[in-house]
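> Below, each chain spelled out in residue letters.
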Amino acid sequence: MESNKNFVVGIFDDEDVLIHAVENVREKGLRIHEVYSPFPVHGLDEALGYKRTRLPIASFLFGLTGTTLALFTQTWMLGYDWPMDIGGKNHASLPPFIPVTFEFTVLLSAFGMVITFLIVSNMKPYSWPRQFDLRSTDDKHVMAVDLAENGMSKDEIGRLLKQNGASEVNEKNF
Amino acid sequence: MQVTSSIREPLVTGGKTVRDVSEDISRQVEGKPTNLWWMAIGISLVLLLYGLYCVCMMLWHGIGMWGLNKTVGWAWDITNFVWWVGIGHAGTLISAILLLFRQRWRMSINRAAEAMTIFAVICAASFPAFHMGRLWLGFYWALPFPNAFGSLWVNFNSPLLWDVFAISTYFSVSLVFWYMGLIPDFAVIRDRAVRMGHNTRALIYNALSFGWQGGAKTWMRYESVALILAGLSTPLVLSVHTIVSMDFATSVIPGWHTTIFPPYFVAGAIFSGFAMVLTLLLVTRKVFKLEDYITIYHVELMNIIIIITGSIVGIAYITEFFIAWYGQVPAEQYAFINRATGPYWWAYWSMMTCNVISPQLFWFKKIRTNLVSTFILSIIVNIGMWFERFVIIVTSLHRDYIPSSWSMFHPTMYDIGQYIFTFGLFFTAFFLFAKFFPVINMAEVKSIVKATSEKKH
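If you read the protein sequences in the order shown, they are chains A and B.
Position in the first sequence (first residue = 1) + 4 = my numbering.
By my numbering, the letter at position 406 of the second sequence is numbered 404, and the numbering carries on one by one without gaps.
What the hints contain is simulated information worked out from the structure, not anything from laboratory work.
Only a predicted model underlies this, so the values are computations on that prediction, with no experimental measurement involved.
We put the beta carbon where it would ideally sit given N, CA and C, even for glycine.
Treat the hints with care, as some may be off.
Stated by the list, open to error - Residues from chain B that face chain A, not an exhaustive set, calculated with beta carbons under 10 angstroms:
(1) Gly71
(2) Thr167
(3) Phe208
(4) Gly212
(5) Glu442
(6) Val447
Excised from the complex, chain B in its bound form (with noise of 0.2 angstroms):
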């Protein structure tokens, strides 16, 4: 018994039973990795370990291993950190502002992308965590703990400290979002197991899914621990860009201090985590044939999110430069020119080209449902975002007040290997969750399957 809608597109292909959804998505938790798989994971742990090498370097020697200079304070470090938050901003978006807007389509990929969400987490937590220089007592500065002064504590009347709890607060609670949804599709595995005699495997698939049984009174409260989850991650995820750009628009640097930030951040933050998905996610769906659940509607849907969010990031760099020259604030003036045309213009040019031409393209339906040229912009906005917050930070720090202190900033080999740690970390997570992990909510898209499948012919 099943419907079709002649209005909306269904949103799985390939007339899916539920059954069928179990068996896709199970079979390759079950089945031995691919050559595909082995070679991703390769690459992924090269990164990591040159990465890691670089890091321990910097950790021996200390962070003036960096090219960070008396200037320019800040560059790579935080300009990866700001870019790896925003990426993880699209997870949460997808499967908790969708949820409450009841938006069906994000059942078969908001699973991935929350998983995104996380790793990328980590990844931008590794660098302010790293350019305390002294790592193991990152915890005892950064939280107010009882010490040995008396005690005095943290202050928090800094962004930074405030950017601390926003992002430990966003890491938890994004995880325990995420293996809220895990668990009934664990169970799933386990049943599986059982039925095909691997009791290892049904033993720890049971212990991580804390036992479900998928009563009708557990679904009950388990659909209402999910509403209030995704209710409580809304205005978190909002908040976390928010207080990030507050490190910035809170302080007094010219091109810093402006209310435009958070709601320049957010945008930016879901633009470039809607790419990161994509990016992700087109890999996955090819790697794990899952064609059928992740269809081109479902790119589409994504890259019109592109669009709106990089339009808004647009207006934003235009009203910024607006601003600048409405506000006859001559530093703030010279900041704005600066960047356009000072030794950086090539920055702030192929950020320009990148975040506010390259999305536009996606107005016409030929290049938002094509895969190929989806692939592609969609690392480009991403190229483009980093270079947005290498511009903000950078640019604004190079020209000191005093002309005798302006400098360049020029990245070691450490600037990078840190970068490379982090894409090594993301990436290697992402292949062992894909692996091992149901990388499609199957209970979700379970509940969908009567409704909007398409019909077998």
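Next comes chain A alone, as it looks inside the complex (with noise of 0.2 angstroms):
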């Protein structure tokens, strides 16, 4: 990861108030690095102007893969393969070849959209995340602003962040 680099952590305690604060400071100019929360806070990815994620296209193409391909083995294993004679019915109809074409959907598109979650979201078992405040698994809201993208100074932000409602600003550097 980056090295030197120079973070304003602004601590909240209220979703609600985060919220508000996230809206006004970016209407200030103000760039945020993340917001780190230790639960899901609805609107925070709006207010951040997070576009809509992709991952759910993602599932459908994996359940898809999953479809043709349970459909296209069943298929050619017992009509073309090794055609078997199962009570004089036909090699390969389709009734019978439903419910494992449809658990092999459901399959693919599961793991396929949680391993594609953890490569997005770059998540290893072996991987240390950056951490900006412990408390932010706990009960804390964490706003990491990155000095780097912002022209302002590290007084102005922590101003700026206090008078939105921060409980705390740090410094944290990596």
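Hints in hand, dock the two standalone chains.
Structure follows, in structure tokens:
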């Protein structure tokens, strides 16, 4: 990770105060690095201006792969590679293939999406995250502002965060 | 700044703050296990070891050690399989279906219920796996692997093969869903460990949390993943017991060959699953002092689901009888009369009493809000559901088409031993989970504390 980055870290106690603060400071032209919360805060992603995640599309495509693969495999195995006479029925008919196709669709869709999520979020069991404040998993919302991304000085940013309801403002260097 | 509603009862009592949630739930992971916990895990391990002995004997000598005979070729093994799979259904119902319906009372019970699902499915899967006799060859028989016969593939027309796919998908997707929920909570324990100076614990829980940081962007993606997993799990959970019921419904055995089976099995599964969730949670809430998170209100809501699903099961029993008479197929009529009045009448009437009559007691508010009566009834319901599967399976088989092959089923100590084995496995796994993993979803409960917590008086 990048070294010697300087951050101003604002601590917020309440999620409603936080959302207003995010909206206000962004209006004032402050670029927020990221906000860390102990639980999902609804509306925070809109306030931060994040685009909607495309994970549902990924999940759909994985599901589609599963459906195609399962239907193709079953039809090929029982209809072409080794046709079996089971009770005089068709070698390959659609209805009995539906359960396995459905299960395989769900399996690929779920696993594909979760693995994509871990990759795009850069989550690995052996990586230690950059922690701006340890309380961000407990009860505080932590807004990190990167000095390199902003033209303002530390004091200016600190004052702005305090004005918008931050209960504490700290500095953090990595 | 807390808001209280005058219409709904609070979901978290005791005036908890966000901080209290981390403290209360993490404390039992961090502290030394109590004597009560050692006792519980000790008993579970004894059951597991005795069961393991029976399982090893059975593996060594073959499944002839079970009490099966030529007529009753399926008995306790498949009964226990269906029973355990059914129990597993409540976890996914709570975490997925109630999430889609935005039922917030699921939040403090979903973690333990999902854990129960996973362990119950493992127990369930052990029965068909052992029934294959040569467990080590099971993968080749059950999955479409290329083999030396040319390749001779598995039969995708068979409901037993559908079961393999349904159960393994259900297990793995439930596991992923459960683990996704655990990730932010592992990070809570990691950060507390850092502050307390426990470096090894911090490392372990960091690895378990995949280096979770909790940024707004990650939370946004995380919520999207959780919603889609819930959307996928909902048809999945309904499909699993549907497919299990097709093991019977697609056959031509009288008493099995009915179209009512899929919905009837799903309702029964949720019924028994909620009963098991109650049995486990009433103990867990006492042992870990979670009375403020799992309140009487939660217990009452679960009991209401038990009344609903129990009544559906009751209607299904009556419908089966009606259709047997109305269908005018002598074999079918005989199968049902024989169930109620034949040599297995005691199993049938135990099922009727436990499943149809006993849950109706929950119409009384005093009974459904009382912990002792709920605990007793939750066990009775599970006994009843075990008998339901036993009745369906054994009574339909024991009267074969030729009277000379009529027979009875008598379990041996190895039938019983393997059932005990799964109990040992289930409770050992559950108590280990309850000690080392946070039993309540902290992140979700924290998100509702402000809106639905009781004010401090």
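> Please go over all the hints and tell whether each is borne out by the structure.
Status of each hint after checking the structure:
no., hint, in the structure
1, Gly71, "violated, 20 angstroms"
2, Thr167, "holds, 4 angstroms"
3, Phe208, "holds, 4 angstroms"
4, Gly212, "holds, 5 angstroms"
5, Glu442, "holds, 7 angstroms"
6, Val447, "holds, 9 angstroms"
Taken one by one, the earlier hints fail for this structure only at number 1.
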